[in-house]
Amino acid sequence: FGHPVPISDGGKVFCLLYLIFGIPFSLCVLSITSQNLLILMHDMPIRYIRHQFGLSKVMVTFLHGFAFVSLVTCLFLFIPACVFSLIEGNWSYLDALYFCFISLTTIGLGDYVPGEQASQRMPALYKVCAT
Numbered sequence: 001f002g003h004p005v006p007i008s009d010g011g012k013v014f015c016l017l018y019l020i021f022g023i024p025f026s027l028c029v030l031s032i033t034s035q036n037l038l039i040l041m042h043d044m045p046i047r048y049i050r051h052q053f054g055l056s057k058v059m060v061t062f063l064h065g066f067a068f069v070s071l072v073t074c075l076f077l078f079i080p081a082c083v084f085s086l087i088e089g090n091w092s093y094l095d096a097l098y099f100c101f102i103s104l105t106t107i108g109l110g111d112y113v114p115g116e117q118a119s120q121r122m123p124a125l126y127k128v129c130a131t
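The UniProt record's numbering numbers the first residue of the sequence shown as 1 and each following residue consecutively.
These are computed hints drawn from the structure, not numbers from a lab. As the structure is a computational prediction, the values presented were derived from the model and not from experiment. Note that beta-carbon positions come from the ideal geometry of N, C-alpha and C, so glycine has one too. Take these hints with a grain of salt, some might be off.
Computed spacing ranges between beta-carbons, pair by pair [as the list claims (entries may be wrong)]:
id	residue 1	residue 2	range
1	G10	P123	25 to 31 angstroms
2	L63	L94	27 to 33 angstroms
3	F76	R47	25 to 31 angstroms
My request is simple: use the sequences and hints to build the entire structure.
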């Protein structure tokens with residue numbers, strides 16, 4: 001979030017090499033994982049709901065997509081924002097929601113950084129878990 005940066009030339013070269021190999025590797029892992037999860041999270045529920053309730057494929061696909069987007073939004077935006085607004089004493093819920101959205105979209109402006117309070121217990125562990 002803008003605070004830790006490599007200072008030495010060796011550190012900068014390491015970051016570049018790490019990214020050159022790390023990003024393609026991460027994309028491959030995500031691709032393989034998402035292909036397997038697609039069957040579990042998309043195909044199987046749609047087949048089950050169609051079989052149980054006799055709805056059309058279009059209707060089931062729409063309902064499944066709506067439910068999935070709602071669940072993901074709650075799990076990755078609304079619930080973490082609630083937790084951050086409780087833990088970070090000076091953050092409102094809107095501040096925490098803004099932080100979660102900016103962080104998840106990898107914009108990461110650095111205007112909100114978790115664990116900056118002086119009273120924060122175990123700030124290093126908290127920062128690792130929060131980011």
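Comparing the hints with the structure gives:
no. : hint                           : verdict
1   : G10 x P123: 25 to 31 angstroms : holds, 27 angstroms
2   : L63 x L94: 27 to 33 angstroms  : holds, 30 angstroms
3   : F76 x R47: 25 to 31 angstroms  : holds, 26 angstroms
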